[in-house]
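Novice: Listed here are the chains, written in short residue letters.
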Amino acid sequence: MITMITMIKHFLYLMFVVAMMTNAAAVVDDAAQNEFASPQDKARYYELVNQLRCLVCQNQTIAESNADLAQDMRAVVRRMINEEQSDAAIINTMVSRYGDFVRYQPPFDSRTALLWLAPFLLVVFALLWLPRLLRTQKPVQLSKDEQAAAESLLANKNNNE
Amino acid sequence: MTRYFVPVFVFLFLVAVLAYGLTLNPRAIPSPLVGKPAPQFSLTKLDNAAQTIQNEDFLGRVWVLNVWASWCVACLDEHANVSALAAANVAPVVGLNYKDKSDEAQQWLAKWGDPYTLSLYDEDGGVGFDWGVYGVPETFIIDAQGIIRYKHIGPLARSDVTDIVLPHIRALKESQSDS
Chain A
1 MITMITMIKH FLYLMFVVAM MTNAAAVVDD AAQNEFASPQ DKARYYELVN
51 QLRCLVCQNQ TIAESNADLA QDMRAVVRRM INEEQSDAAI INTMVSRYGD
101 FVRYQPPFDS RTALLWLAPF LLVVFALLWL PRLLRTQKPV QLSKDEQAAA
151 ESLLANKNNN E
Chain B
1 MTRYFVPVFV FLFLVAVLAY GLTLNPRAIP SPLVGKPAPQ FSLTKLDNAA
51 QTIQNEDFLG RVWVLNVWAS WCVACLDEHA NVSALAAANV APVVGLNYKD
101 KSDEAQQWLA KWGDPYTLSL YDEDGGVGFD WGVYGVPETF IIDAQGIIRY
151 KHIGPLARSD VTDIVLPHIR ALKESQSDS
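These protein sequences, in sequence, are chains A and B. Residue numbers for the first sequence follow the numbering used here, beginning at 1 and rising by one. Residue numbers for the second sequence follow the numbering used here, beginning at 1 and rising by one.
Treat the hints with caution; some may be incorrect.
To be verified - Derived pair list, reagent style SDA-like, types lysine to any residue, alpha-carbon separation capped at 25 Å: (1) B:Lys151 - A:Asn92; (2) B:Lys151 - A:Thr93; (3) B:Lys36 - A:Lys138; (4) B:Lys173 - A:Asn92; (5) B:Lys101 - A:Asp72; (6) B:Lys99 - A:Cys57; (7) B:Lys111 - A:Thr93; (8) B:Lys99 - A:Asp72; (9) B:Lys151 - A:Ser86; (10) B:Lys36 - A:Ile91; (11) A:Lys138 - B:Tyr4; (12) B:Lys36 - A:Leu117; (13) B:Lys99 - A:Ser110; (14) B:Lys45 - A:Gln85; (15) B:Lys101 - A:Asn66; (16) B:Lys99 - A:Met80; (17) B:Lys99 - A:Ser86; (18) B:Lys36 - A:Asn66; (19) B:Lys36 - A:Val76; (20) B:Lys151 - A:Leu134; (21) A:Lys138 - B:Lys99; (22) B:Lys111 - A:Gln85; (23) B:Lys151 - A:Gly99; (24) B:Lys36 - A:Ser110; (25) B:Lys99 - A:Asn59; (26) B:Lys99 - A:Ala67; (27) B:Lys151 - A:Lys138; (28) B:Lys151 - A:Asp87; (29) B:Lys99 - A:Val76.
For the record, the hints were derived by calculation from the structure and aren't laboratory data.
Construct the entire structure; sequences and hints are all you get.
Specialist: This is how it looks when you write it as structure tokens:
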């Protein structure tokens with residue numbers, strides 16, 4: 001039987017693993033990061049490159065990827081920020097060339113609504129189903145002998161603890 | 001018996017959906033440019049830096065753009081099939097030499113053969129970026145009005161050429177001559 005301590009240990013281990021996996025937002029390509037007119041521009045750059053997917057290493061953002069294409073895309077983001085184009089214009093430039101997949105987080109629209117809502121729907125569904133499931137379970141019927149054996153085992157256990 | 005019907009049905013449904021998924025290429029990204037006008041470009045020829053080609057130069061005929069590079073191994077794989085496509089003589093096959101060095105690219109063509117009507121020199125990949133190129137090789141079919149009609153990602157297999165690209169080109173040429 002899992003004790004509280006074991007459960008806490010498991011939880012902490014899980015949190016450690018999740019923390020290690022979380023995007024550390026470290027951007028490759030350090031030299032060019034000083035090319036911005038203001039700290040706000042630099043902040044915008046960091047935000048945007050963490051929102052765009054590298055299409056070569058498709059599970060990374062262009063912030064993390066070393067691929068040539070990611071470098072090119074970062075250069076485009078930099079150029080457009082220095083030209084004072086809006087975030088929406090920059091994202092749109094990428095999406096019009098590569099499609100919605102280039103957005104690292106899928107947008108919420110009619111096609112992706114199910115993708116976003118499915119986990120919540122599943123939880124709601126499970127919560128609604130569970131009472132029904134529990135209600136239909138019949139309690140176990142023990143014979144008189146089995147009942148006596150169970151009680152004596154429980155009594156022994158209480159004495160031993 | 002009937003209580004098993006729902007789980008078995010759900011299982012079979014999942015098997016069917018996942019089996020279909022196995023036939024798909026998870027890395028292929030459909031292009032949002034299909035059905036849209038080809039992005040504007042103006043590039044020099046690979047073998048003649050003095051001559052500039054623009055996409056308007058291709059209006060009036062169906063043509064194929066094949067993105068390639070001398071450093072690209074998969075481009076070598078598909079080279080025979082691209083040559084076959086060019087040899088079929090239904091549409092000019094134009095090369096887009098992507099992020100390459102001019103002399104290495106020309107050497108590559110000299111060594112393996114040049115199936116292209118001409119090659120455009122996209123040294124910094126800016127034109128490739130506009131066309132949504134993310135991996136080499138990629139092949140586009142553009143119609144006579146300059147609209148991109150088809151994009152093939154990855155090397156062309158011979159069956160891709162005979163079963164998809166050539167029929168597509170012929171269909172576009174036919175509808176062009178009808179209008």
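Novice: Hint by hint, which ones does this structure get wrong, listed from lowest number up?
Specialist: Violated hints (numbers, rising): 3, 4, 7, 9, 12, 13, 14, 17, 18, 20, 21, 22, 27, 28; every other hint is consistent with the structure.
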